[in-house]
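Enquirer: Start from the sequences and build out the full structure, keeping to the hints where you can.
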Amino acid sequence: MVTFLGINLFGLSGQLLVGLINGSFYALLSLGLAIIFGLLKIINFAQGALYMVGAFIAWMALQYMGINYWAALIIVPLLVGVIGVLMERYLLRPIANEDHLYSLLLTFGIALILQGAFTHGFGSSGLSYAIPAELKGGTKLPFMYLPNYRAWIIVASITVCFGTWWMIEKTKLGAYLRAGTENPQMMQAFGINVPLIVTLTFGFGVALAGLAGVMAAPVYAVSPEMGSNMLIVVFAIVVIGGMGSIGGAILTGLGMGVVEGLTKYFYPEASTTIIFLVMVVVLLLKPAGLFGKEA
Amino acid sequence: MSAGDEKIRISDLHAFYGESHILHGIDMHVSQGELVTLLGRNGAGRSTTLRSIMNMVGRRTGQININGRETIGMPAHKIAHLGVGFCPEERAIFSSLNVEENLMLPPAVRSDGMSVEEIYEMFPNLYERRTSQGTRLSGGEQQMLALARILRSGANILLLDEITEGLAPVIVKKLGEVLMRLKERGLTILLVEQNFRFAAPIADRHYVMEHGHIVEEVHAQELEAKSEMLNTYLGV
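Line order of the protein sequences matches chains A and B. Take the numbering used here: the last position of the first sequence gets the number 501, and nothing is skipped along the way. Take the numbering used here: the last position of the second sequence gets the number 1160, and nothing is skipped along the way.
FYI, nobody ran anything at the bench for these hints, they're computed from the structure. None of the hints are false.
For each label pair, taking beta carbons as the anchor points, the in silico distance ranges come out as:
| no. | chain 1 | residue 1 | chain 2 | residue 2 | range |
| --- | --- | --- | --- | --- | --- |
| 1 | A | LEU379 | B | HIS945 | 38 to 46 Å |
| 2 | A | GLY322 | B | GLY992 | 51 to 59 Å |
| 3 | B | GLU1108 | A | LEU284 | 51 to 59 Å |
| 4 | B | GLY1159 | A | THR377 | 43 to 51 Å |
| 5 | B | HIS1135 | A | LEU284 | 53 to 61 Å |
| 6 | A | ARG299 | B | HIS945 | 21 to 29 Å |
| 7 | A | ILE301 | B | PHE940 | 18 to 26 Å |
| 8 | B | SER1062 | A | LEU379 | 23 to 31 Å |
| 9 | A | TYR308 | B | THR985 | 24 to 32 Å |
| 10 | A | PRO493 | B | GLU1152 | 52 to 60 Å |
| 11 | A | TYR351 | B | THR1055 | 46 to 54 Å |
| 12 | B | THR1055 | A | LEU468 | 35 to 43 Å |
These numbers were taken from a predicted model, which means no experiment stands behind them. All residues carry an ideal CB built from backbone N, CA and C; glycine is no exception.
Expert: See the structure below:
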């Protein structure tokens, strides 16, 4: 056994890897939430359920239609994005001018309905989804064995997250998004179709959850509860990072995954609560979150 | 003057914010190449008139013809594409965008907008500060940026709300020169202005507003004769 200062390096690096995997999903989900919150000021409680729906669509596509993982990576986010577009257009827009509490409750209701429907259809025990053949196996590193699929998750998630960050911070489309977040009425006066941008942004934000769902299918059990388990942690991460901060959501997502992994190694009893402890400390010291702007 | 020269014609315009009835039947028109001001005290309804043209008020009724198109039922984002550029009183520079991003933000609404080179030639300060965050600019520079971005979009009907408010005399003078240049290029300008001394020498006509009504129309050559009446309305 390789140890350093009494630390089992195999165990530690293993937990770090698990932490990074979880962090990859946290980052994708909190990024979607942050984008949606930034422009629509809606706290989308259905984000976790749509992540679950993404995983189920991938599972059904494979079981019933033989659509493989790689195709699902493209098709599922598009489908979940369409669900988001319809949700925004027909459910959220009619209450857009009401108190934000209504949209929060509405999305919470949607989450419960989706979770209930899938529990009714598939039971709650969880289904398995095989790792695609191309990503089976792994690599032996000095302190650990790195399964290829897990490496793929980390790389893919970071690529998608930073690609999204780049699009928002550095492109014209992103400038529309940032400006629309700040002053939608003025954007309308410039001739920009803000309602359309709002719809597409919501669609994109939930498509990220769908993508996370597909990527999660081979590592976590595909079950109706997978989203609600994830969502509470992801909300804590969004609060830690700062509501609406894009870069903050990504970095905090990855970072909290790692923190969680380290806690699992050093003090496993606290591993499920550590993120909430961090949240409390951050809220006390910096209420706007680590990357949020002070109001 | 033929009707084809008319850029804006407003008839019986009423505007509401929630329960409050702000405009009570406005009738006015602005022709191609004219610079027309809306004068009046605070709360007279001048800004609301501009915002009504942009469909930025709660509710509006009546007729607003822009370039011969009826716009009362048009969604807000379609109005700019008739060639209208709006510069709001609060300037609305975006803090999440730098100066150049602010400048490039409004999509082109007509093809013959000013080029970025022309804009920077007209406002050299903006070029020097093009990478600064938009709201880090001085008040005068922000005003220039707010004006510059609609000029770049090609808008040829400008609705300008209190552009000289709170600015140093040297900048007010600069803005006056800019408006004269725009007028020479044939742009149509509807200006809400508190500073009568700024507006008087450059405007062709003035509408005086009070309590959501237009109470007087004054042509530039009548200013002298009607100065007594203007004093009473404006309290200058």
